[in-house]
Amino acid sequence: MASLTPCLTQLSRMCISAGGGTMPHRISTQILGPALQIRYKSKDNKPKASRSELAMKAKKLVEKRKKRKPRTTFRQYDLSDGEQFALCDAIRYIRAFEVGRAPTSVKYEISLKLKTLKNGPVVRNRLRLPHPVKTDLRVCVIAPPDSKFAESARAAGAALVGEDEIFEAIRNGRIEFDRCICQTDSYAKLNKAQLGRILGPKGLMPSPKLGTVVKDPSLLVRDFIGGAEYRERLGVIRMAVGQLGFTPDQLARNIKTFMESVKKDMGLLSDKINKDITEVVLSSTNGPGFSLNGEFKNSKSDIQPKDLSTS
Amino acid sequence: MVSVVKRMRKLQAQLLFIRSGPGAAILPPEVARIHMDFALNTTKGHHGAKQFWRNHLIRLKYHNPAVPMTVNRTEDASGPALMTLHFSSPSGNTPNPSNPSESTEIPTTTQTIDMRNLESSAIFAQLTALTKARVLRTDLEDAKIGQDLEEQEARNNRVRELMQAAMARRKREKAILAQARGEVEALKNET
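Protein chains in written order, with full-length UniProt numbering: chain A, 1 to 311; chain B, 1 to 191.
Please keep in mind that the hints were generated in silico from the structure rather than gathered at the bench. Just so you know, not all the hints are guaranteed correct.
[As the list claims (entries may be wrong)] Only pairs whose alpha carbons sit at most 30 Å apart, straight line, appear in this in silico DSS-like list of lysine-lysine:
1. B/K144 to A/K118
2. A/K118 to B/K44
3. B/K174 to A/K60
4. A/K297 to B/K174
5. B/K6 to A/K115
6. A/K66 to A/K118
7. B/K174 to A/K66
8. A/K264 to A/K107
9. B/K10 to A/K107
10. A/K134 to A/K256
11. B/K132 to A/K306
12. B/K174 to A/K64
13. A/K300 to B/K174
14. A/K300 to B/K50
15. A/K57 to B/K171
16. A/K300 to B/K144
17. B/K10 to A/K300
18. B/K50 to B/K132
19. B/K174 to A/K57
20. A/K256 to B/K6
21. B/K10 to A/K64
Chain B with its partners taken away, still in its complex shape:
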């Protein structure tokens, strides 16, 4: 296995990414399920949906571990990109008839967001408006960790530059030496 320090440094950045940032929000208890439908191909306006899944949905899932969140990706990029929000009790102004599979347990209402041609941040804004989710800000401790990581990265970059310069110099010297040796050999052969 890789050394613990190396592993931890990477893990630390990944966990920070998932704890805080756009998408970190606490959903109210009425939200029963979130389902996303979009295409595998992102060219025809499905890009924002994919970005939302990759960046926002994982944070949302971290802060709301009990809410089921599913993603279904279709082959057809000309189809719709929809997000369906299931609420356990009626809320919002346009309650649709609940879908049959859910209705056996708890009566649910659903609302949809059309994600086509929307940026991921716009999708998140619509989601928070519909669900009245509480958006979390980065807290002090996480900000401190973020700052530390940033400083470390800057330090690493400085060292990287130094090392690159040193290695280039070494390589140059070696090349010069090799060339000189070659010339000596050539002279010897001539005589």
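This is chain A alone, in the form it adopts within the complex:
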């Protein structure tokens, strides 16, 4: 993106006239207000405070500092300070920012800002989107190679199936997969192989806590291929929800599924924990982020969803 300055100089050089297409989004500078705080010593016009008064002031300041507790929740912002966009308008801008890029490699992303505690449990799950974003995931299944589970996992599309040969390959640094699942009976063997130090930091170590140690891996393999994972980090859940080539309808379906899944997960947390989605931002690989207002199409703009479906 070019910097602001050349854009402004171009504008000031240009002749000003009314007209042009309908442009639905203009953020008035009045709402935004000054973003900067100026702190410097003001000129002394006031009469000087006496020594005792100054001492009182200092005492009060110290007390105030003692009272201030560290923040326990993530900071929230007033959304009325900013503009929100309908999905189609955001897509129109994003498609313009991504012009000339490969429609399958550029992804749409969603960020959900949550109202949540800093130290509470986090939302974490995986789901299958109606229109998968990434389809070339390599899944590794740890199961005895001649068992019926191994056969069904291979049929479901697992890239690697086995036990000892996989352990050996991992020890030699050949990790040729993006996800790892373990069959329940092989879990003890996996633990004995002590691969946690290699797989753990990569997030590939199967564990019953994450639901990656299962009785029948083939079902999970099918879920993983075309599935996607998300987790909350610093009060925000981010996930890729579409490729640039998707139509607005496809993208809307994916976003809806994702949001429903996140809401369900938040409901499943314990009663004491209260989480809320406060903002939904759509962005893309190279584009800026657009805060969504939940509408599909802005009634004021003349943009049609089918215009946004071409490559």
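Use these hints to put chain B onto chain A, whose structure you have.
Below, chain B alone, put in the same frame as chain A:
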């Protein structure tokens, strides 16, 4: 996430950049597709093409969301830098036979612009001449936003200078104090 005000200010400038400026034009409905071919390396006359893509094509895409626009960048910088315009109905004076992939649907004619050694503005001028596109001027509202942003930037620069001066002064005073303390210590050690 970053504060809303900060995010919006940046977004506002980016959206203004994409709405108005050189390249903002409405193409006539005959234009079916725009394709650009140029090299990744910009040294051998491919610079203008890249600039056109970065600055003009994104505005063109914003104002004509339905027209497919593709860019193919090759490794070979000594190769040609061509822009191919596909028209859905015959227009212009040198209609070439349409390319085979397109001809299955709508009969198209193509015209090419050699972008090699051309500046991006010259490429845009050729494009508007060939397609008879309607060039958009910056409208009043956008001009107002641009002006506001410019004023804000000037204000920011003034504040930045003030702060820099204040910080430099503070640093200087600290250095002087530290030096004086060091001298006192040295005197103490001597005695």
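Quick rundown of the hints versus the structure:
1. B/K144 to A/K118: 41 Å, violated
2. A/K118 to B/K44: 54 Å, violated
3. B/K174 to A/K60: Holds - the C-alpha atoms of A/K60 and B/K174 are around 27 Å apart, at most 30 Å.
4. A/K297 to B/K174: 58 Å, violated
5. B/K6 to A/K115: Holds: B/K6 and A/K115 sit about 20 Å apart, inside 30 Å.
6. A/K66 to A/K118: 21 Å, holds
7. B/K174 to A/K66: 27 Å, holds
8. A/K264 to A/K107: Holds - the C-alpha atoms of A/K107 and A/K264 are around 25 Å apart, at most 30 Å.
9. B/K10 to A/K107: 21 Å, holds
10. A/K134 to A/K256: Distance of about 18 Å is within 30 Å: holds.
11. B/K132 to A/K306: Cα-Cα ~24 Å, so holds.
12. B/K174 to A/K64: Measuring from Cα to Cα gives roughly 27 Å; hence the hint holds.
13. A/K300 to B/K174: Measuring from Cα to Cα gives roughly 59 Å; hence the hint is violated.
14. A/K300 to B/K50: Roughly 34 Å separates the two Cα atoms, so the pair is violated.
15. A/K57 to B/K171: 26 Å, holds
16. A/K300 to B/K144: Roughly 21 Å separates the two Cα atoms, so the pair holds.
17. B/K10 to A/K300: Holds, at about 24 Å.
18. B/K50 to B/K132: Since the Cα atoms of B/K50 and B/K132 sit roughly 23 Å apart, the hinted pair holds (cutoff 30 Å).
19. B/K174 to A/K57: With Cα atoms ~25 Å apart, B/K174 and A/K57 stay inside 30 Å; holds.
20. A/K256 to B/K6: 28 Å, holds
21. B/K10 to A/K64: Status violated; Cα separation ~35 Å.
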